[in-house]
Amino acid sequence: MFRIKVKTTNQSAAAFIAALPFGFRTQAFHYSLQRNAPPHFAVWYLRIRKPKLTRSIFDGILKVEMHLVSKTQEDFGLESDVIDRISGQLLREAIPVCYGADDRWASHIYPVFVTERFLKSGFYPENIFRSLAR
Amino acid sequence: MATETKKIGKIAALENCPTTITGFTFWTGADTMLSPFDVVKVKHIDNSETFGQVEEISHITDSASFMSAFISNDFGDVEADLPTERVGLNYVKARVLGNTKDIYLPVHNDAPVFLATREEIEKALGFDNVQNKVICGTTRMYSNIKGESLEIPVPLNRDFLIGPEGAHLNISGISGLAAKTSYAMFLVKSLTDTLAVAKKEEEAGTAAFVILNVKGKDLLAIDEQTHDSRADAIAKDYEALGLSSRPLSGVRYFYPSGGKPNEASTFLAKSALDAQRESGKAKFFKFTSDQDLENLDLLFSAVDDPQQTIASIIDWLMIAKENEKLPAATWNSLMKFVEQQADKDGERAEKGIAIQSWRKFYRHLRLQLNSSRAFSTDINDSYNECRLADELIGIKPNDVFVVDVAKETESMQAFVFGYVMRHVMKLRNGEYDESRDEDVPKPDRIVIVIDELNKYSSKEVPKDSPILKQILDITERGRSLGVVLFGAEQFRSAIHERVTGNCATKAYGRTNSVEVSKRDYGSLNSVQKDILLRLTQGEYIIENPVLRAPVRIRFPRPIFHQYK
Numbered sequence: 001m002f003r004i005k006v007k008t009t010n011q012s013a014a015a016f017i018a019a020l021p022f023g024f025r026t027q028a029f030h031y032s033l034q035r036n037a038p039p040h041f042a043v044w045y046l047r048i049r050k051p052k053l054t055r056s057i058f059d060g061i062l063k064v065e066m067h068l069v070s071k072t073q074e075d076f077g078l079e080s081d082v083i084d085r086i087s088g089q090l091l092r093e094a095i096p097v098c099y100g101a102d103d104r105w106a107s108h109i110y111p112v113f114v115t116e117r118f119l120k121s122g123f124y125p126e127n128i129f130r131s132l133a134r
Numbered sequence: 001m002a003t004e005t006k007k008i009g010k011i012a013a014l015e016n017c018p019t020t021i022t023g024f025t026f027w028t029g030a031d032t033m034l035s036p037f038d039v040v041k042v043k044h045i046d047n048s049e050t051f052g053q054v055e056e057i058s059h060i061t062d063s064a065s066f067m068s069a070f071i072s073n074d075f076g077d078v079e080a081d082l083p084t085e086r087v088g089l090n091y092v093k094a095r096v097l098g099n100t101k102d103i104y105l106p107v108h109n110d111a112p113v114f115l116a117t118r119e120e121i122e123k124a125l126g127f128d129n130v131q132n133k134v135i136c137g138t139t140r141m142y143s144n145i146k147g148e149s150l151e152i153p154v155p156l157n158r159d160f161l162i163g164p165e166g167a168h169l170n171i172s173g174i175s176g177l178a179a180k181t182s183y184a185m186f187l188v189k190s191l192t193d194t195l196a197v198a199k200k201e202e203e204a205g206t207a208a209f210v211i212l213n214v215k216g217k218d219l220l221a222i223d224e225q226t227h228d229s230r231a232d233a234i235a236k237d238y239e240a241l242g243l244s245s246r247p248l249s250g251v252r253y254f255y256p257s258g259g260k261p262n263e264a265s266t267f268l269a270k271s272a273l274d275a276q277r278e279s280g281k282a283k284f285f286k287f288t289s290d291q292d293l294e295n296l297d298l299l300f301s302a303v304d305d306p307q308q309t310i311a312s313i314i315d316w317l318m319i320a321k322e323n324e325k326l327p328a329a330t331w332n333s334l335m336k337f338v339e340q341q342a343d344k345d346g347e348r349a350e351k352g353i354a355i356q357s358w359r360k361f362y363r364h365l366r367l368q369l370n371s372s373r374a375f376s377t378d379i380n381d382s383y384n385e386c387r388l389a390d391e392l393i394g395i396k397p398n399d400v401f402v403v404d405v406a407k408e409t410e411s412m413q414a415f416v417f418g419y420v421m422r423h424v425m426k427l428r429n430g431e432y433d434e435s436r437d438e439d440v441p442k443p444d445r446i447v448i449v450i451d452e453l454n455k456y457s458s459k460e461v462p463k464d465s466p467i468l469k470q471i472l473d474i475t476e477r478g479r480s481l482g483v484v485l486f487g488a489e490q491f492r493s494a495i496h497e498r499v500t501g502n503c504a505t506k507a508y509g510r511t512n513s514v515e516v517s518k519r520d521y522g523s524l525n526s527v528q529k530d531i532l533l534r535l536t537q538g539e540y541i542i543e544n545p546v547l548r549a550p551v552r553i554r555f556p557r558p559i560f561h562q563y564k
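For the record, the sequence lines run as chains V and B.
Letter by letter, the first sequence follows residues 1 to 134 in my numbering.
Letter by letter, the second sequence follows residues 1 to 564 in my numbering.
Keep in mind that a hint or two might mislead.
If you only want the chain B side, here are some residues facing chain V, beta carbon under 7 Å, derived [claimed, not checked]:
no. : residue
1   : Ile71
2   : Asp74
3   : Ala80
Some, not all, of what chain V presents toward chain B, calculated at C-beta under 8 Å [what the hints assert, rightly or not]:
no. : residue
4   : Leu53
5   : Arg92
6   : Glu93
7   : Ile95
8   : Pro96
9   : Val97
10  : Tyr99
11  : Ala101
12  : Tyr110
13  : Pro111
14  : Val114
In case anyone wonders, no lab produced these hints; they're calculated from the structure.
Keep in mind the model is a prediction, meaning the values are calculated, not measured.
We treat Cβ as the ideally placed atom computed from N, Cα and C, and that holds for glycine.
The following block holds chain B by itself, in its conformation from the complex (with noise of 0.2 Å):
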């Protein structure tokens, strides 16, 4: 039985406005203040009814032109008052997202617009039917009308959030304003706490989760709770979610070595750093000749390399390796090597591989191993020192990992991030099955979360960037293996189609005009355009295969400690 609530209009199918399978418009009193994304209810036939999702509000009276609008205010006379209010509406313009008998005929002139109930609004724009729930953060209806405004939880289908359904997200907004990073976080505490209810009642499958700190000090806390005034209000906003209160738990940080016993390159403070690393959550990584030369395509993802000069140089070295004829057991003798490639003047070094292409390559590498501490060659437990691939693959269900590479230079944070992504991939692969502990469970999807991603597969990345592929590899074949990339960046246009195309779920953040006017934003309408300019901190537009249209949510604050 349908539920009677507030009248606010009238269907209007007029000779050039007619309503239609897709859409509908109703006139309504100048004073009610319908929002963009409220969803409204209409009477149709065979008791049934039409809900549609609030596209744009016009207002109009009967001046028949801007001349007879100025006219009537006395000939221009800005201060005129007007005795008589001229007779005015608002006609509304919604987009149909479904009716409660599947009837598709378009809604009949004159039929009765109201507002929608709670219950009905989740099943209108599909969140009835949503299986495996994450919540995303939550959409407010009707905000500005008086004694009606709600606010409802968004859920996600998880399987179509990090898989086997679909997967992959991508967070877009410029900086600052659009909190990409917050929401993602976000995200990964709602994942974990409904992974660790439904892990109880079904096989809900488990979830790990890489993350990597690019920006100061953002992320080096996730698992302390807020320091913030408005602690206590916001447990409050995650319990109403029926998330915890808590910040995340089972983190482990890992920070790049800092050459020296116990020293990271990182912002953290000292004493912080100590105080993780004597509770056993922090590690210093490192990368050593022997056992990491294999990725030392990574360092050399930024350098154009049309010819393929430097992926024959590094295909060399490799098959050098495995013959054992390259003196690699330290970083500074295959640097030695390489320097004496190049050094072999005016003649060939190695066939096919020419002098300048030699000294190309060691100027880059000399660069890249100087440019950080993490290149080194003795790994000594005792001072919390790992080789960053061990870890990644021991990580267990439910683990956490902050990989802190904000200090490092671009090419070092590529490089970690490609390094991440690479093993990720081959432990989801099944490549390091034997090296594994066989009582670790390994977790169903690893979850990796990157910002900046413009950096690593933005439209200007050369092609052959072994980082781009990883992150094209992951976005394509990641769903079906249980790889799933969150990634966010300031523009979504800059971002490879590739890229952007496979994730299942997109979040829209506060952005430009210029930005919004792009190709990427076609699946939004000029309204929901314009909203993306004037969006809030913490409020995005989504879109995901399970709702029937874009969502506008808003997502609570961090509960974890941010430092300043």
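The following block holds chain V by itself, in its conformation from the complex (with noise of 0.2 Å):
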């Protein structure tokens, strides 16, 4: 796992996530929603495609939140360990890809896919909204 360190000049966000190469991640951001309270996230990129299989360059960029529940992750963040953990482990879930079932399919990892059609195949059929619009 390579790790990216964000840089402070005037680079935008989109355009460093953009030249992220293959295999690598940011940084991660500790963040929540209201200062100093939970929930508290860590969040991070990651590109689990190389860019020249894709159609466009933020194809195969995941970001991760992951939310911390324990006092110490809230207080001193994420353990770089445990990101680049997760970070190997969601590289091996690349493949097998739904490529040609979802548009998304670059940056979309199979088991989060079937998870997906799962809930989605209880839910009512979209023809039923359709006539309940009429």
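Take each chain as given, in its own frame, and dock them per the hints.
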């Protein structure tokens, strides 16, 4: 796992993420909705596909958000080793893909796709809502 | 009360793949190892159950395209290790065999699908209602599902195998792998055993068998116990089917005379032949000109005769014989007479028959008569010599005649086969009733077993071939007369349609892809055709009017000795 430090130059975040090489991640940000109040999250970006094999430079970038639940995590953030381990696992999950079934395939890992599909199979079908709207 | 068995899936009735009166599709686990021909059970309305026979099994995943599959392997990395298994399932297309309450409605979506019990499978395939059972092999169900495998004997109704309801058997398959002769002999064994048992209980009728040995020494020891090292296991296989573990009894062997006393034209070793002769089982047959001249036409069965000139000559000779104008005391004198007709240079020998025709006839006659020592003048009982027709006329119930023609030329083999058919038909037609011993009962059915049927009734055989006519006569009229043909050939598609079409029972053995593409295999679906290319030795797909669907069967190894 490779890490890239966020530069403190004027480079935009989008340009920075776009430049992320395959297999690299950004540093993680400690983020909370309200200052120093739960819920706390660790957030980072990870490129799981080679840019030349995707349609757009942002395809293949995962945004990872992790809910920090322990007091230590809330106070000091997530350890880099944990972030690396999670990122490594996500890189492994880059295959198989839902190519052809979902346009987001490059940034969509398969277990999430299957989970989504399972949940959606319990929804009312679209045509019912369409008929209700008439 | 229905029996609960292992639940293996549910019916999927889709917009583009609905369930119908004749079929349904169900999903099942990717690891549920069903096989084509397995029977499954589906819960249906009114507390009934519908049975289906597995046809096609497909495996799908949620991979939308080949491209998706390629990308999923890290853009074509054959060593890619996928951490998450794709969602996948098997869906199985099944053909409806029946419903326990004769409900014809298609099965419903999400109806549970189960494996079936032995009794349910027997009922679904129609085994339970088979009368006058004769076992034609065993079928395996769920052979790849651990703990569920079943081996079920497959019964046929013998009234549909050897008449009177239906008759004739056609066995097809490539040489060696299909074991056609062995299967024909297994059925003969099964018939003789069941008739022997049935005789004690009911009016089962009687049967006799005439088997032509056309290859090597295959069938020249069918009354000897097998010498196979697996003999005990083979015997158990027969016993498991309710058959005796003994070889056929009442067998008599007929060999073409070799010209000298106690000599035969056969591949059988002299010691074995002498042993059979000494035990009274073997005889040497001859054809005499004074008694067998009327069968002369059979010698010309393979000769193309579009102008009917050969037929005219034979007809002329028959009339001459009737009028006692034919010097045919011996085959040589007949040949000499024909030679004289052919030698009348420049003039017509007999009205309406050209010299060229006599010459053609002479050439063929000389060739045929010189090809076998069985064409003779004298029959000497003390040397165990006989006239084959006399033996056939005297055939009794339970007799098994083996007529060995393996060492004879093809035309001589055809002659003997035609000769056997002709006399058996005449016997059943009652033509020999006066000459038969009244105390000796006549078998109700006579089964003729012949391999290499393609030699005699292929589509290329001349239409006016007397042997083809004889075969057609048997297959079209033999059922009611009690004459049954068990024929085998490599390629069913080569056989005359009127022969195969009249066979009530069809046994399809291992064959090749060109053959299964022919129209003759139209009754089998694409999976069954594909299975025909993969059948192992001793396996067949059987079709018979009493079976609700084609059944894949296997049969045990021969219980009789086969010379190597």
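Quick rundown of the hints versus the structure:
| no. | hint | in the structure |
| --- | --- | --- |
| 1 | Ile71 | 5 Å, holds |
| 2 | Asp74 | 5 Å, holds |
| 3 | Ala80 | 6 Å, holds |
| 4 | Leu53 | 6 Å, holds |
| 5 | Arg92 | 5 Å, holds |
| 6 | Glu93 | 6 Å, holds |
| 7 | Ile95 | 5 Å, holds |
| 8 | Pro96 | 3 Å, holds |
| 9 | Val97 | 5 Å, holds |
| 10 | Tyr99 | 4 Å, holds |
| 11 | Ala101 | 5 Å, holds |
| 12 | Tyr110 | 5 Å, holds |
| 13 | Pro111 | 5 Å, holds |
| 14 | Val114 | 6 Å, holds |
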